[in-house]
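Q: Please build the complete structure, drawing on both the sequences and the hints.
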Amino acid sequence: MTTNVKYKSKPLDCWQWGKELRLEAYQDLISGHEQGKLLVLGCAATPYGMLAGLGDFVFLAGEPYGASIAADPPFSIPCMEAYEAKGYSRDMCGYMRNFLGSMYLDKYYFTGGSFPKFDFAWSVRHCPAGHPKWHQLVSEYQGIPMNYIDDETMLSNEGDPQHRIDYVAGQYLDTIEWMEKVTGRTYDDEKAIEAMRNYFRNEALWGEICLLNGAVPAPLDIKSLFALMPISMLRRHEKIATQFLETLRDEVKDRIANQIAAVPTERYRMNMLTPPPWSFLKIFRYLENFGVVFVGTYVYLINSGEVKFLIDEGKVIPATVPEERPGWPEMKNREDMCRTIARWRAEHPFQSHLDTRKKEYVILFRHWNGDAYLLLLNRGCVPMTTSMYDFQRDLQSHGIAVAMFEGNFADCRDIDETGVLDRLEAFLEGQGIHELKEA
Amino acid sequence: MSAIEKFEEILENRHQYAKDWKQRTGGKVTGWLCTYVPVELLYAAGMLPVRILGTHEVQDVTDRYLFPTVCPFSRDALAQGLKGRYDYLDGLTMSRTCSHVQGTFDNWRNYVPIPFSHYIWLPCHRESPRAVPCLRGELLDLKQAIEKFTGVTVSDEDLDKAIELYNTNRRLMRQVYEFRKSDDLPITGAEAMEMVVASQLMDVVEHNKLLEDLLAELPNRKLDREAGLRLMMIGSEMDDIVFVRMLEELGCTVVIDEHCTGSRYFWDDVIPEEDRLGAIARRYITRWPCPAVSSEFNDRGDRIMQHAKDWDTQGVLLYQQKFCDPHEFDIPSLAQNFKELDIPTLVLEFDVTIPFGQFRTRIEAFLEMAELEVF
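Residue numbers (the working numbering), protein chains in the order written: chain A, 1 to 439; chain B, 1 to 375.
In case anyone wonders, no lab produced these hints; they're calculated from the structure. Glycine is no exception: its CB is placed at the ideal position from the N, C-alpha and C atoms. Among the hints, erroneous ones may be present.
To be verified - Straight line, CA to CA, 25 Å or less: simulated PhoX-like cross-link-like pairs of lysine-lysine:
#1 B:K148 <-> B:K181
#2 A:K86 <-> B:K322
#3 A:K223 <-> A:K6
#4 A:K86 <-> A:K107
#5 B:K19 <-> B:K6
#6 A:K86 <-> B:K339
Unchecked claim - Which residues of chain B face chain A? A partial, calculated answer using Cβ under 10 Å:
#7 W21
#8 A131
#9 F149
#10 T153
#11 R171
A: Below is the structure:
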């Protein structure tokens with residue numbers, strides 16, 4: 001830990017392309033209607049490739065939109081205040097408050113102008129604290145139809161799961177008819193299946209890229225991953241995203257082969273479980289002065305990517321797409337597609353039960369060659385935080401150093417930046433990591 | 001001793017009641033978290049279903065387990081387990097509803113020794129036709145798990161008997177609530193709450209007997225004070241009877257409620273079907289919804305407004321356990337609905353302990369304002 005190596009470093013060659021792809025997605029929300037595209041709202045975990053059966057569409061995932069606003073306090077604070085002025089509480093989901101405040105103010109963050117009017121809201125209910133209720137509020141405010149899929153099956157590891165998969169698959173099937181009804185369009189099974197194949201492929205690619213960050217030095221840091229994540233989060237159903245992610249993967253492999261580091265002074269590697277405090281991303285830049293690189297976070301590795309945990313072997317490997325898995329049938333029609341999605345969701349690490357998830361955290365830590373975990377006690381998201389002390393205890397029982405801080409991931413008014421930095425500096429000192437003199 | 005005094009006594013000695021029941025019957029006692037646990041099924045297996053509740057005492061034993069933004073009720077309930085106050089439990093069951101009480105269940109299962117536990121994955125898309133078959137599958141899993149644990153086979157006759165007993169219990173409590181429509185109120189809100197909370201802790205046969213006694217007493221019963229403003233209480237979990245007593249001492253009476261230690265718990269019956277588990281599943285999917293399991297406001301909203309009218313409500317206390325997101329979503333819409341009917345509302349946020357002095361000022365001001373509009 002006291003050896004100071006200086007690695008080579010350079011920006012990603014595909015960085016500019018990634019920025020353009022990301023901006024295109026957000027611009028499409030403004031011009032989409034003029035181009036005859038459907039505008040649909042949901043959460044990032046929704047298998048929105050299914051929407052391709054209705055024709056061209058633009059999907060706005062509420063979380064990355066809320067996170068983008070959170071990273072810009074002058075825009076975020078009026079959004080929060082507009083939301084609170086409606087009588088809602090400030091302890092609710094931080095992403096949601098940014099999103100809904102932007103809607104109430106009728107201000108679209110990325111390109112300016114009015115907030116988009118959606119054709120309908122369609123989402124998965126993976127968060128009992130709010131996501132369907134969030135879309136309920138949009139539905140009521142904009143007067144648009146809303147439907148959702150309840151598929152939070154990870155909460156149970158008891159009994160026969162078959163009826164849960166039947167339930168989830170049945171809801172997907174039902175929503176196809178519902179979508180035809182609310183849009184007046186005829187659903188094309190082949191187009192939807194094709195888009196879902198892209199979706200699965202891009203998830204696996206993103207997961208593979210995140211796993212490559214186990215290399216020393218880390219070819220990417222968490223800031224770059226967060227900046228590129230919207231492509232895998234918002235454009236997962238598109239071939240262009242596959243082309244980009246394959247290019248990115250190859251470039252990352254090249255960086256590994258040539259020892260090109262994201263942080264040239266890397267000497268201490270930290271992992272997270274949660275999103276960062278978006279208004280306080282400078283935390284990562286600041287800690288680079290100590291030679292700290294953040295290599296990844298569990299939640300956005302599996303939220304917009306997929307990996308395969310081999311629990312008994314203590315390994316994590318890239319995921320294959322469903323149709324390439326032994327015993328999984330080819331998707332030939334909407335029934336096959338819905339059942340595949342339901343089964344894929346049920347077996348996705350996103351749905352891992354609490355007891356399994358603890359093992360995955362340890363496996364991922366070792367795969368990423370971590371030195372410590374940084375846990376956020378997130379005041380802006382109850383489900384993400386409920387078990388955090390349990391996770392802390394479990395990680396420590398495996399001999400893993402854990403730093404913890406408290407604050408809101410999406411409300412800049414609710415985080416003590418100086419206090420957090422003091423706490424982390426003290427933690428690093430305890431680990432024998434001091435500020436680098438040349439920094 | 002009157003029925004109401006009996007309810008109060010059982011509430012004060014709830015743990016002793018369960019221990020005595022266990023000794024007397026040789027049966028097993030199962031704790032439950034959340035009113036979406038089908039008590040009929042537990043009772044059919046010869047178990048006493050006991051709801052896990054808090055004590056509203058200052059405590060700090062949960063701080064190592066649950067983050068402070070987990071709701072006070074969930075923390076208070078877990079504290080009881082960590083302190084060993086439910087050490088007589090043979091089992092613990094929970095139905096999937098909200099993240100907060102999920103934390104209670106997970107930590108209880110991990111850190112409080114319990115011979116049996118079972119999680120019911122409640123399908124929360126209650127508007128979907130797929131929900132009832134899914135919950136039926138969950139109930140079958142629960143039934144098989146209980147049978148394995150107890151060694152008792154639950155027959156159709158056992159289920160029929162339990163369904164009938166709980167339907168009777170619900171019907172009798174609704175009859176008591178009918179008396180609260182009267183101008184000449186025979187029962188306070190605190191007393192009614194004691195009745196409902198006791199139903200979540202007692203053997204249903206014994207509770208039914210007390211309800212029959214109460215229904216015989218009510219026609220001749222009168223409050224020993226003026227009823228004052230007719231209040232409705234709406235919100236999340238609420239078992240703080242001391243608070244309701246203090247509230248009513250300020251010159252009002254709670255005539256109707258909508259929370260899960262009140263009407264939301266017992267309002268809907270199981271409609272018998274040949275498929276008993278299917279019938280129970282249908283009841284829990286279609287019952288008066290908790291906002292944690294519904295993303296459609298109108299069903300709950302319409303039922304609440306109808307109750308407010310039927311019970312001639314003059315003011316509404318909209319309260320929530322601190323950090324209870326699902327209720328935080330509904331409160332602004334409910335406040336707006338009442339505003340349109342010119343019924344004043346007061347919003348309160350509860351913690352484990354309630355500093356009544358602070359609430360008193362706000363409640364008194366609210367009552368004064370409301371009385372000006374009503375009387």
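Q: Each hint: holds or not?
A: Taking the hints in turn, this is what the structure says about them:
1. B:K148 <-> B:K181: violated, 46 Å
2. A:K86 <-> B:K322: holds, 18 Å
3. A:K223 <-> A:K6: holds, 20 Å
4. A:K86 <-> A:K107: holds, 16 Å
5. B:K19 <-> B:K6: holds, 17 Å
6. A:K86 <-> B:K339: This hinted pair holds, its Cα atoms lying about 14 Å apart.
7. W21: Where the cut-off is 10 Å and the nearest Cβ of chain A is about 27 Å from W21 of chain B, the hint is violated.
8. A131: Holds, because the Cβ-Cβ distance from A131 of chain B to chain A comes to roughly 7 Å (cut-off 10 Å).
9. F149: violated, 12 Å
10. T153: violated, 18 Å
11. R171: violated, 31 Å
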